[in-house]
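Protein chains in written order, with the working numbering: chain A, 1 to 777; chain B, 1 to 279.
Hints are computed from structural coordinates only; laboratory data are not their basis. Every value quoted in this text rests on a predicted model; they were computed, and no experiment measured them. Where hints are given, some of them may not hold.
In silico PhoX-like links for lysine-lysine, alpha-carbon gap of 20 Å or less [claimed, not checked]:
id, chain 1, residue 1, chain 2, residue 2
1, B, K208, A, K471
2, B, K213, A, K471
3, B, K213, A, K362
Simulated DEER-style distance windows between Cβ atoms [to be verified]:
id, chain 1, residue 1, chain 2, residue 2, range
4, B, E263, A, K611, 28 to 38 Å
5, B, C140, A, K9, 50 to 60 Å
6, B, R81, A, K362, 31 to 41 Å
7, B, N210, A, D268, 54 to 64 Å
8, A, D599, B, E197, 44 to 54 Å
9, A, E334, B, S61, 49 to 59 Å
10, B, G160, A, E334, 54 to 64 Å
11, B, E53, A, G236, 31 to 41 Å
12, A, A12, B, E53, 32 to 42 Å
13, A, D167, B, R81, 53 to 63 Å
14, A, E334, B, G52, 27 to 37 Å
15, A, D638, B, R261, 49 to 59 Å
16, A, K425, B, C140, 52 to 62 Å
All C-beta atoms, glycine included, are put in the ideal place defined by N, C-alpha and C.
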Amino acid sequence: MSGKGLMVKRNAPFDLYDIDILSSDEGDLRKISADLGLGLSADEMKVIREYFKREGRNPTDVELQALGQAWSEHCCYKSSKLILKQFVFGIDREDVLSRGDAGVMAFDDEHGYALRVESHNHPSAIEPYGGAATGIGGILRDVVCMGAQPIGLADPLCFGPIDTASDLPPGVKHPRYLLGGVVSGIRDYGNRCGIPTITGGMFFDERYTGNCLVNVGCFGIVRKEDLALNHAGGPGEVMILIGGRTGRDGIHGVNFASQDLTATSDDDSRGAVQLGDPITKEPVIHACLEVNGRHLITGMKDLGGGGLSCVVGEMALAAGCGADVDLEKVPLKEEALAPWEIWVSESQERMMCTCRPENVDKVLEVFEMWDVLATPIAKTTDSGRMRLFWNGDRVFDMDLEFLTGGPVYDRPYVLPRTSTKEFEKFPELPDDEEVILTLLSDLNVASKEWAIRQYDHEVRASTAVHPMVGKLNMTGPGDASVLLPVRGSMKGLAVATGCNPWFTSLDPYKGGMSGIDEACRNIVAVGARPNAFTDCLNFGNPEKPERLGELREAVRGIGDIARGLNIPIPSGNVSLYNEASGGTCILPTPMIVGCGLIDDVRKAVTADFKKEGNRIFLIGKTKDEMGGSLLFRKFGGDQGDVPGVDIESLRRLTDRLLEAMDKGLVLSCHDCSDGGLAVAVAEMCISGDMGASIKPGPTGLDIRRALYSESNTRWLAEVDEEDAAAFKAIMKDDAEEIGFTGGSSLIISEAGVDIPVKELRKAWSEPIWSVMGGVRP
Amino acid sequence: MVRYGRGETVKPENIRVCVLRIEGTNCEDEMADAFRAVGTQAEKVHLKQLAGEVSQDMKRSLEDYDILALPGGFAAGDYVRAGAIFAARIKSTIGRDVNRFVERGKPVLGVCNGFQVLVELGLLPAFEETMSPMPTAALCTNDSGRFECRPTVLRNDNRGKCMFTSCVNRGELLMIPSAHAEGKLMSRDPEFIEKLEDNDQIVFRYVKENGSKAEYPWNPNGSGSDIAGICNPAGNVMGMMPHPERVITRFTHPDWTRDTRNEDGDGLRIFKSVVERLR
């Protein structure tokens, strides 16, 4: 590789190189990092050189590759750690049971529920089907390694406009192709594993064209006494590698995830995309949960980014141990992998567990029963060092703390300029009937049924509130989905997504808060109390100060509101470098997935209008906050105040609305988000197949701001005439009666609107079908 | 195990259900729970346990069970024709035991992928013999070409032979959801539907919510004559594409917030029926 003899092949019956860094200058160090694909900076290489000076020898290629993995942004969060620490870590509550690979919160007296979301963006941009499928695979493992049975999947996705006819930059795949591949990948993997896909979201904007986002979330349920640790119990234990064989797929996946996409990423990095196999995964889940449930193991962790290199190191270090690994024991997909390839490969469907030596046979027997490969490959030691052997030859010997420590950066940032009312440009609008139909047919609002019904959202027979709600085969959008995780119990887990990347791009602080507000609104809309959040922070290149400023402000917003609500964020994920060739960056996208609890699912509420002649209430205040609104995006408005969140109001309205729901006073409820009040009421008409007549009331705003402002912390609720007084008594001045249900049209006299529900449904139902094609319902 | 033919009443708790699984069957938890909901003892059993390919204490014998249930999922990934791999493995290991089980009149239920397996095994439609040596029908790719997860309304069209609808009135409608990509029942036999009809082997048809003839999406796959489920000529083997085990309680129906008249889900009736017939 190097003309200067920086790499010297060791005289051994396998591929091993000693790398001469002790005598390397800065240029050589850069060259080594580039040649080996390490993704390490010259400064980081110098730190490594100092370490090996102290060791008195040069490193092997295996050692440098392991450092490249462990010190990648993906693995050690070097650019985001300080920000996360400052703003979102440490919201502690007694019901946080674990902050492991997935967060675990108390569900009831006997159970905890697990939650986690992460990204699989770059692989999906190159190979959408495999990228999305392996994303599902990875997030399932994160939940399983808490000892939890996965019970639901969440898939928020962001793409360029799927109907775009314009030329795409070199190396960029058409958004329609990407959406098709990603949805197929999620479908085939999730359905085959038998875990329902119950919530998600689709966001379409030109700024995702070059770098789509595929975020994958998972929820699980675990008996408290079965809650697993993600590390060994101590020295002298056996590490057993479980599941798939190791191959050359997924080499340098974390490095690929920690740099911008380029025009040639497709050719350069195809090998970094792993290959998924749900039918290896499905029995792995059964068997892992069985050995954990029988308490035969001391810890469990999944092999994701960084492969064996990361999992062995982290499991040993967290137990205060070292580890001795016999690399030649790792089952391979093909012969002749070099030691470094085995060590860093991210081949899928693999888990690691640790157990006491006396339990090894019992553990292996369970895996044998499921025809799942399980191979003891390592032992934990009390040395504090990671040592790798190949048939007895030592190829790796490093201090574990140095290896997994990784750098932490306080990179420079600039605070973004935010959008305000001062420079607002309100767009010219057509008549309001046309405005409403246009908003309903925007890809971001339009029905996602094309995807939702390809996902099995009912397998496991515990889906109580479905992603689409309303009359059979006439359904409209739901708010949160609700699961019944424990058979025989009516306690429900509500799950929902919240994110507004347009708000975040115009005001990252308010955008971060808005995502949490939206997740809460969705959860409260079905009658559940928000309990925990998990987040996937998708941002651009942190080495650019303005991008880091966006991340910092959004995280500050998330932290402020979560702390204000005293709701913990026990897990999360950061995905940086989401930039396409040519430097176009994604919208800053802090994707929030929220979980809520409802004591009795029988009291859950859905968004579809139920009965003619009922009162409709608007809960919460509509303000002049047009910044980032769908109306402005659609019709060419500019600037404006971005919706903020008054945390105290959110708390109070949540309490009051949940009290009214608990008393059975609310027949339907839907949150106001994209397209504001007008779109929310239209959606309730669609799912209830029923008209409504509304008058936005004395907001002090002109009718158009009243109808289309996307102010946070607002819901619509349908209340029976007879219950209206009781409802008002609870809500006090937080709810305003704005109309009634009935008829077959949506009528807003003040705006000259009288649209048959049939037309609303047509406008809302068809757009995605007409782009993606296929037989329509 | 239930002892047959002695005229004594069998308590549901003495009925033993074998919920058979391999890798990729993924509806076994809810299938076992559905049988437990009607009081029976249900056990999830891996095919290897029946085939004797496990340690002594893990071994099970099919003849010790009273009901065999094949749950939904993607057994072995279904990377060839749906159900074919699982059926081939059953046939080559416990084929004779299954044949004997069916000949003794014990009930066998196949749901979704389980239905596909029963057809691949030759246990359905089984016009000529208990277990046809070759499959005589198939569940083909949906007309839409897609996986379809959606509510479906079924009408019980069985005239009384099927053990799994003994508590469902003829013509009664049940909301039982579907979730499959290959559910279109087809056969090369030109008289296929007539034979099913003549033998009283049609159990469920897809209909619209008001009971009228279904069209897409109420018939989610394009199945001929809107057939959703069939039984064998003896009435003890039933296969259906929709998932009764997903609607044991009203609160997993997709539209329950619009109608909470009773707390039982429509699927419970199928499990009650078979227990009733064994008592």
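Consistency of the hints with the structure:
As the CA atoms of B:K208 and A:K471 are separated by approximately 12 Å, the hinted pair is consistent with the 20 Å bound. For a cut-off of 20 Å, the pair hint linking B:K213 to A:K471 stands: about 18 Å separates their Cα positions. With a CA separation close to 56 Å, the supplied pair B:K213 and A:K362 exceeds the 20 Å bound. Hint check: B:E263 to A:K611, Cβ distance near 21 Å, so the stated range 28 to 38 Å is violated.
Taken as a hint, the range 50 to 60 Å holds for the pair B:C140 and A:K9, whose Cβ atoms sit roughly 57 Å apart. For B:R81 paired with A:K362, a C-beta distance near 38 Å keeps the hint of 31 to 41 Å intact. Separation of B:N210 from A:D268 is about 58 Å and conforms to the stated range, judged on CB atoms against 54 to 64 Å. Checked against the hint of 44 to 54 Å, the C-beta distance between A:D599 and B:E197 comes to roughly 49 Å, which is consistent with it.
For the pair A:E334 and B:S61, the beta carbons lie near 41 Å from each other, so the given range of 49 to 59 Å is not met. Between B:G160 and A:E334 the beta carbon distance is about 59 Å. The supplied range of 54 to 64 Å therefore holds. The supplied range of 31 to 41 Å is met by B:E53 and A:G236, whose beta-carbon atoms lie about 33 Å from each other. Roughly 41 Å separates the CB atoms of A:A12 and B:E53, a value that falls within the hinted 32 to 42 Å.
Between A:D167 and B:R81, the C-beta spacing of about 42 Å breaks the proposed range 53 to 63 Å. Hint check: A:E334 to B:G52, Cβ distance near 34 Å, so the stated range 27 to 37 Å holds. Checking the proposed 49 to 59 Å range against A:D638 and B:R261 shows it holds: the Cβ atoms sit about 53 Å from each other. Distance hint check for A:K425 and B:C140: the Cβ-Cβ separation is about 56 Å, which falls inside the suggested range of 52 to 62 Å.
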